[in-house]
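Sequence order for the protein chains is A, B, C and D.
Position 32 of the first sequence, counting from 1, maps to 32 under UniProt numbering, and the rest follow consecutively.
Position 31 of the second sequence, counting from 1, maps to 31 under UniProt numbering, and the rest follow consecutively.
Position 56 of the third sequence, counting from 1, maps to 56 under UniProt numbering, and the rest follow consecutively.
Position 60 of the fourth sequence, counting from 1, maps to 60 under UniProt numbering, and the rest follow consecutively.
Please note that the accuracy of each hint is not assured.
[As the list claims (entries may be wrong)] Just some of the chain D residues that point at chain A, by a computed CB distance under 10 angstroms:
| id | residue |
| --- | --- |
| 1 | I66 |
| 2 | E68 |
| 3 | F69 |
| 4 | A73 |
| 5 | F74 |
| 6 | A77 |
| 7 | D78 |
| 8 | D112 |
| 9 | T141 |
| 10 | G142 |
| 11 | S224 |
| 12 | G227 |
The set of hints was computed from the structure by calculation and includes no laboratory data.
Keep in mind that this is a model prediction, so the values were computed, not measured.
Yeah, the Cβ is synthetic: ideal placement off N, Cα and C, and Gly gets one too.
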Amino acid sequence: MAHQILVHAMSSGGSTTVEALIKHPMDSGFVKDKAGKIIPAHYIEVIEFTHKGKIVLTGYWGPAVSKNPFIKFSFKGGKSGDPIGISWVDNKGETAATSSNIM
Amino acid sequence: MKGFRCGLVLVGLLVPVAASAAVASKASAASAIAAAQAEMKLAASMQDQWIATVAAMKDARLALKQGDFAAAETAAVHAKALASLSVEQAKAQRALWVNEAVH
Amino acid sequence: MTEIEGLILSAPSRRTVLAAVAAGTAAGLMRPALSFAAAAAPRASSYPAKAFIQHSQDATLQAMFGTSSVTASADVKMDAPDIAENGAVVPVSFDANAPKVTAAAILALDNPFVMACAYKIPEGTSPAIASRIKLGKTTKVVSVVQSGGKLMSASKQVKVTLGGCG
Amino acid sequence: MKLALIVLASLWAAPLAQAASQPDPAADLQGFQGYFLKRFPKVPLAAYVNGPYNFSKSERDQWKQIIEFPPYAFAVADGKTLFDTKFANGKTYASCFPNGGIGIAQTYPMFDAKTGRVVPLGVAINRCRVANGAAKLSLTTGKLADIEAYMTSTSDGKPIDVVVPHDPRALAAYQAGKEYFYSRRGQLNFSCASCHVQAAGMHLRGDVLAPALGLTASFPLYRSSWGDVGTLVRRFIGCNKKVKAEPEAADSTAYRDLAYFMTYMNNGLPIAGPGARP
Numbered sequence: 001m002a003h004q005i006l007v008h009a010m011s012s013g014g015s016t017t018v019e020a021l022i023k024h025p026m027d028s029g030f031v032k033d034k035a036g037k038i039i040p041a042h043y044i045e046v047i048e049f050t051h052k053g054k055i056v057l058t059g060y061w062g063p064a065v066s067k068n069p070f071i072k073f074s075f076k077g078g079k080s081g082d083p084i085g086i087s088w089v090d091n092k093g094e095t096a097a098t099s100s101n102i103m
Numbered sequence: 001m002k003g004f005r006c007g008l009v010l011v012g013l014l015v016p017v018a019a020s021a022a023v024a025s026k027a028s029a030a031s032a033i034a035a036a037q038a039e040m041k042l043a044a045s046m047q048d049q050w051i052a053t054v055a056a057m058k059d060a061r062l063a064l065k066q067g068d069f070a071a072a073e074t075a076a077v078h079a080k081a082l083a084s085l086s087v088e089q090a091k092a093q094r095a096l097w098v099n100e101a102v103h
Numbered sequence: 001m002t003e004i005e006g007l008i009l010s011a012p013s014r015r016t017v018l019a020a021v022a023a024g025t026a027a028g029l030m031r032p033a034l035s036f037a038a039a040a041a042p043r044a045s046s047y048p049a050k051a052f053i054q055h056s057q058d059a060t061l062q063a064m065f066g067t068s069s070v071t072a073s074a075d076v077k078m079d080a081p082d083i084a085e086n087g088a089v090v091p092v093s094f095d096a097n098a099p100k101v102t103a104a105a106i107l108a109l110d111n112p113f114v115m116a117c118a119y120k121i122p123e124g125t126s127p128a129i130a131s132r133i134k135l136g137k138t139t140k141v142v143s144v145v146q147s148g149g150k151l152m153s154a155s156k157q158v159k160v161t162l163g164g165c166g
Numbered sequence: 001m002k003l004a005l006i007v008l009a010s011l012w013a014a015p016l017a018q019a020a021s022q023p024d025p026a027a028d029l030q031g032f033q034g035y036f037l038k039r040f041p042k043v044p045l046a047a048y049v050n051g052p053y054n055f056s057k058s059e060r061d062q063w064k065q066i067i068e069f070p071p072y073a074f075a076v077a078d079g080k081t082l083f084d085t086k087f088a089n090g091k092t093y094a095s096c097f098p099n100g101g102i103g104i105a106q107t108y109p110m111f112d113a114k115t116g117r118v119v120p121l122g123v124a125i126n127r128c129r130v131a132n133g134a135a136k137l138s139l140t141t142g143k144l145a146d147i148e149a150y151m152t153s154t155s156d157g158k159p160i161d162v163v164v165p166h167d168p169r170a171l172a173a174y175q176a177g178k179e180y181f182y183s184r185r186g187q188l189n190f191s192c193a194s195c196h197v198q199a200a201g202m203h204l205r206g207d208v209l210a211p212a213l214g215l216t217a218s219f220p221l222y223r224s225s226w227g228d229v230g231t232l233v234r235r236f237i238g239c240n241k242k243v244k245a246e247p248e249a250a251d252s253t254a255y256r257d258l259a260y261f262m263t264y265m266n267n268g269l270p271i272a273g274p275g276a277r278p
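So here's chain A without its partners, still in its complex pose (with noise of 0.2 angstroms):
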């Protein structure tokens, strides 16, 4: 359950909106834990949603972008049925990827 992602991809009107909700931590480095540690920076770098194999958004995120992150766009086209994909690596080199389709 480590590495998740929520995603809501709707079509209408000629173009499709896209939600998507990331678990990661996103620890910026200035946040101490219980013990008075600092935890290290851990978050996404580069986000990429593509459709259709097609690139239609990138992210570069900082560690300023909120834990779980959640980001919403749009682009022209796209019809139900056709796979959107995203996928991210961070700066410890962590990746993950999936797919779904627009409803």
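Fit chains B, C and D to the known structure of chain A by using the hints.
For chains B, C and D alone, coordinates are given in the frame of chain A:
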């Protein structure tokens, strides 16, 4: 009502200053701790232990362990005074809570 | 403080999410390990790391876009709260009414590092993105949009109070 | 020692005298809900489950954006996975609850006639674990909160239906919870009611204080300040600390009874948990 309570808290803070004038020994510190502990037990049984009481008791035990009997006694007397105040508060509330209840 | 009118008794979208999660359906919970058509991981090398470690708007824009010249514009609309209910999760979105938008960035000028996030926007994707950012304290939040090579922006002061009941 | 006993004895005398007037939960419920409805005439009863958002437009707007894709979605998903995972003996949580545990969260906390104690949902989940050879989980956050989030989500919108049976032990538990709720404690001398009845809808620094009416309906709760989902007990612990009182144990009788009283006061309101708050 609130003003009355605040008055009590102030008195509680003054008590230890007076007590620290006495000459402390290991025995007197230990007995002060025991007395405070008994009062704290009562406070806990009335579901009203103050965080400050527990902190003062922790200080007392630490000072005793380090051989600083005067500090241990002062902190224990402080803890007992705080515990007594919370017991007073809980006793009063046994009757007063009804006034706050919505009917 | 008085109560306000026009209440939402329930949130339909919340229901949708709950139902989708419960049913495990398309709205979609996906686990990478299980998803067969998973896309390849993006390349970390494209990350504009330098832009994320700057302490001023000018230095950030210079590192991100190669210029710090920016014009405030009514064509950039930005939505952010007046008072953040919690600095850890502040919804911020922008919507640019401009041609050929290729990139955008969200800055929080009083954060330890100014740039919160940036986006590369290909043709066909609308220059309107919503996300959630962290604000360390009360700060001006700036949405910068690159349109035809030029930078235009909108900004808003967002008040961050201590969470009183943590 | 003798003196202490005498003091104790005299202390116990007071509540006994009070108990002379029989607790009347149904009348309390009417008075409690009526108090809020009269005080905030624009807020309909069912809307109280949205807590502070009835009182601050700015917070409500942010909340609407946040629940568009709520941060507790992962807890619900993880909770479902945990709920469906078999114990070592091959049974699942479903075997411990009526209707397989689906759509029943609105009936908790429940009075257990066998033990004479109040059983909140979290305690019931732990009981189920122990009955099936698994260890207890923390009642405040983590896996148990996730399971609770999932189970509660299956009761979404169902009216809260807590029962105080005609059993002197149940009535005593209800009364103890009521007394805990209204009693001031801690160095700051605040009761639960100080903030959530008297000062309900007002600001405490940056936050709007949620009215006690509807308060339990959106638990478990994702709080941005927690960064994850926590249970009602976690909030009790936090509130006690806020008023500078030592919290009770998470599975204490005091907290069970408090949850019993507070949730009973919300009878009829729709379950809206898991919820999201700052």
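Here is how each hint holds up against the structure:
Look at I66/D: its Cβ gets to within about 8 angstroms of chain A, closer than 10 angstroms, so that hint holds up. Contact between E68/D and chain A, as hinted, is supported at the beta carbon level, the nearest pair being about 7 angstroms apart and thus within 10 angstroms. Against a cut-off of 10 angstroms between C-beta atoms, the interface hint on F69/D holds, since the closest Cβ of chain A lies about 5 angstroms away. Contact between A73/D and chain A, as hinted, is supported at the beta carbon level, the nearest pair being about 5 angstroms apart and thus within 10 angstroms.
Taking 10 angstroms as the C-beta contact cut-off toward chain A, the hint placing F74/D at the interface holds, the least distance being around 5 angstroms. For A77/D, the interface hint holds, the least distance from its beta-carbon to any beta-carbon of chain A being 7 angstroms, beneath 10 angstroms. A hinted interface residue such as D78/D counts as satisfied when its beta carbon comes closer than 10 angstroms to some beta carbon of chain A; here the least separation is about 5 angstroms, so the hint holds. Violation of the interface hint for D112/D is found here, the shortest Cβ-Cβ separation to chain A being roughly 32 angstroms, above the 10 angstroms cut-off.
A distance limit of 10 angstroms between C-beta atoms decides the matter here; for T141/D the minimum to chain A is near 13 angstroms, and the interface restraint is violated. Because the beta carbon of G142/D sits about 12 angstroms from the nearest beta carbon in chain A, more than 10 angstroms, this interface hint is broken. Checking S224/D against chain A: minimum C-beta separation of about 8 angstroms stays under 10 angstroms; hint holds. Interface hint at G227/D: satisfied, since its Cβ lies 6 angstroms from the closest Cβ of chain A, which is below the 10 angstroms cut-off.
Hint compliance for this structure: hints 8, 9 and 10 are broken, all remaining hints hold.
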